[in-house]
Amino acid sequence: MTSLTSADAATFLAREALHLDRLDFDPWLALYTPDCLFWMPAWRDDGTQTEDPDRELSLIFYRGRRNLEDRVQRIRSGFSVASAVMPRVAHMIGNVVTQDAGEGTVRVDSSFLTNVHDVRTNKSHAYFGRYEHELVLVDGEWKIASKIIRLMNDVVPTMLDVYGV
Amino acid sequence: MKPFALRDLVDDRPQDGVFRVNRALFRDQALFDLEMKHVFEGGWVFVGLATQAENPHDYFTNFLGRVPIIIQRDGEGTLRCFVNACPHKGVRLLQKLCGNARRHVCPYHSWTFDSAGANKNIKWQKAGRYAPGFDEENHDLATVAKFGEYRGFLFASLNADVPSLEEHLGETRKLIDLIVDKSPDGVELVPGRVVFTYAANWKMQLENCSDQYHFTSTHPSYIRILDQRAKEQVNEVVQSSIGAADFWQEDASGVTGGTMSFDHGHVLNWGIMPVSSALPEFERAEQLAQLHGVAKRNWMFNMRNLTIFPNLQLAENASSQMRVIRPIAAGMTEMQTWCIAPRGESAQARSFRIRQYEDFFNPTGMATPDDTVCYEEAQIGMAEQDRPWLQGHARGLGASIEGGNDWSDMIGMKPARSVLSDAQLCDESLFGSYYRAWAQRMAGVLS
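As they're listed, the protein sequences go chains A and B.
My numbering numbers the first residue of the first sequence as 1 and each following residue consecutively.
My numbering numbers the first residue of the second sequence as 1001 and each following residue consecutively.
Everything labelled a hint here was simulated from the structure, so no lab data went into it.
Accuracy of the hints is not assured; some may be wrong.
[To be verified] Simulated crosslink set (SDA-like; lysine to any residue; CA at most 25 Å straight-line):
id, chain 1, residue 1, chain 2, residue 2
1, A, Lys143, A, Phe79
2, B, Lys1414, B, Ala1378
3, B, Lys1096, A, Phe25
4, A, Lys123, B, Lys1096
5, B, Lys1296, B, Glu1149
6, B, Lys1037, B, Ser1110
7, B, Lys1096, A, Leu37
8, A, Lys123, B, Gln1424
9, B, Lys1231, A, Leu37
10, A, Lys123, B, Asp1028
11, B, Lys1146, B, Val1162
12, B, Lys1231, A, Asn153
13, B, Lys1120, B, Gly1099
14, B, Lys1174, B, Asp1409
15, B, Lys1002, B, His1038
16, B, Lys1120, B, Gly1152
17, A, Lys123, B, Lys1296
18, A, Lys123, B, Gly1331
19, B, Lys1096, A, Val155
20, A, Lys123, B, Arg1326
21, B, Lys1096, A, Asp21
22, A, Lys143, A, Val72
23, B, Lys1296, B, Ser1183
24, A, Lys123, B, Ala1383
25, B, Lys1174, B, Pro1184
26, B, Lys1231, A, Asp46
27, B, Lys1096, A, Gly129
28, A, Lys123, A, Asp21
29, A, Lys123, B, Arg1027
Assemble the whole structure, with the sequences as input and the hints as a guide.
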């Protein structure tokens, strides 16, 4: 099959979220293609986000899974005080809409709400926005070729890492 | 009645080789309220870049201490700084971060102002049966007492009794020149503002910017990734400018950098960085040497963390960042951050600069979170009562000399004090400059 139903796509996104909630990073990384795009744009002003990552700033911009692997390595390193007491995280994903983008690619739009409990400070933060996934079929398995995270509440309380959005 | 005595807060005894700061400066809310009035609303404060309002009638909004302000260019191109509040009922006039408008109409009762801040209309004024006293009042937007520009960097003061901006910036103007002169067209902010908060005092950020001592302790997780990337030479990751320098490596030999401090609270820490392709400026290395001479060009490539007291930090290390510190409470600070870049650099250089920036500087990156978490842990530890004096301002006191050195001479700059250092000296005595300026601005309320 070269297309996904919205229900299948929702299950796929829920599985990605579950890996992050469990801080189970190896299966999370395995969901991405080696040349994946992972992009969280910044806000240009009150109402518009940055659109051209080569000319405008992003909160996170990576082309290549290797960068996500580096992020995971830092989190696990034992040498990052920001990652020493890991926050507890729960993602909620809804409003999943799929669109066949042709050539074995499915575009999936969704809304997310992530609650992050910072154990170190005993404070909880909510992050919310939209995801735009592009999924491709690789050897019979759906993989993430591109994930854009449109974070609505972008004033970051202290820190925000890949597992928090 | 002055509730605080300076000698209880800052123990500054150069003759005894002592400089100490009381933890109260970081945690006391009553002291914080005085700081807002006298440090942030009592002297020069950075408010933005002229390029943020480049065209006629462009404006942007900000805060000067706790006071909302508008910086706007009028139809003739003159920049002004107003209080962002309608004189009628005090309502904030503009809510947007930035925009373009010839007229501002207050959303509450429609009083109207032009882009030079002049009142153009009071709704139904004639029918309003005002008494004569009303006509004697000025209905324009309030201008701030002092507003000035140095090479596109805009500063304002709510207090008129301050030195000229030229005098306030003093010799640090030569450090601002190093940033602006990287391009004949000056600098600009890369679109996209990143804002974060941290639950600690604003002075934690003030110090950390110029704190060479923390780098290898706070950021080993990042340094390990740089090491690994350098070894593997993979294409998908961005090349690091810091990885190409050794000013921070504990085994580096000889002079690797140092610090300089200036009158009015400004400080610089710096490290030698090679003129190499690890910096986006490299495409202009030859041209910059021809235009400005080799010494100034080489300084443009050096790692530099400049603080213009009390709220502007220009960090040229892993990339180029402009930070603005906005204190919210004794234990809460907001940071507004941008990538600052030479105008007209190539598309490749710009993209390279942005990639270097995001990984290091963002609160969603791999370095800044380890700093801000340390600030918060410091804020928790500041509750210690029995020993009020911190021990974090003593390092380098024995190496600090009056005036500059060969390195400042290269660009004809005369700092008030300087320390020339190897990789492990990591001067902390430069912070004394912050607290002396702090004490000057607070002088009226400290006994």
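Status of each hint after checking the structure:
no., hint, result
1, A:Lys143 / A:Phe79, "violated (31 Å)"
2, B:Lys1414 / B:Ala1378, "violated (34 Å)"
3, B:Lys1096 / A:Phe25, "violated (40 Å)"
4, A:Lys123 / B:Lys1096, "violated (30 Å)"
5, B:Lys1296 / B:Glu1149, "holds (23 Å)"
6, B:Lys1037 / B:Ser1110, "violated (31 Å)"
7, B:Lys1096 / A:Leu37, "violated (32 Å)"
8, A:Lys123 / B:Gln1424, "violated (37 Å)"
9, B:Lys1231 / A:Leu37, "holds (24 Å)"
10, A:Lys123 / B:Asp1028, "holds (22 Å)"
11, B:Lys1146 / B:Val1162, "holds (8 Å)"
12, B:Lys1231 / A:Asn153, "violated (38 Å)"
13, B:Lys1120 / B:Gly1099, "holds (20 Å)"
14, B:Lys1174 / B:Asp1409, "holds (11 Å)"
15, B:Lys1002 / B:His1038, "holds (14 Å)"
16, B:Lys1120 / B:Gly1152, "violated (29 Å)"
17, A:Lys123 / B:Lys1296, "violated (48 Å)"
18, A:Lys123 / B:Gly1331, "holds (15 Å)"
19, B:Lys1096 / A:Val155, "holds (16 Å)"
20, A:Lys123 / B:Arg1326, "holds (22 Å)"
21, B:Lys1096 / A:Asp21, "violated (36 Å)"
22, A:Lys143 / A:Val72, "holds (19 Å)"
23, B:Lys1296 / B:Ser1183, "holds (13 Å)"
24, A:Lys123 / B:Ala1383, "holds (19 Å)"
25, B:Lys1174 / B:Pro1184, "holds (16 Å)"
26, B:Lys1231 / A:Asp46, "violated (42 Å)"
27, B:Lys1096 / A:Gly129, "holds (21 Å)"
28, A:Lys123 / A:Asp21, "holds (17 Å)"
29, A:Lys123 / B:Arg1027, "holds (20 Å)"
In summary, the numbered hints that this structure violates are 1, 2, 3, 4, 6, 7, 8, 12, 16, 17, 21 and 26.
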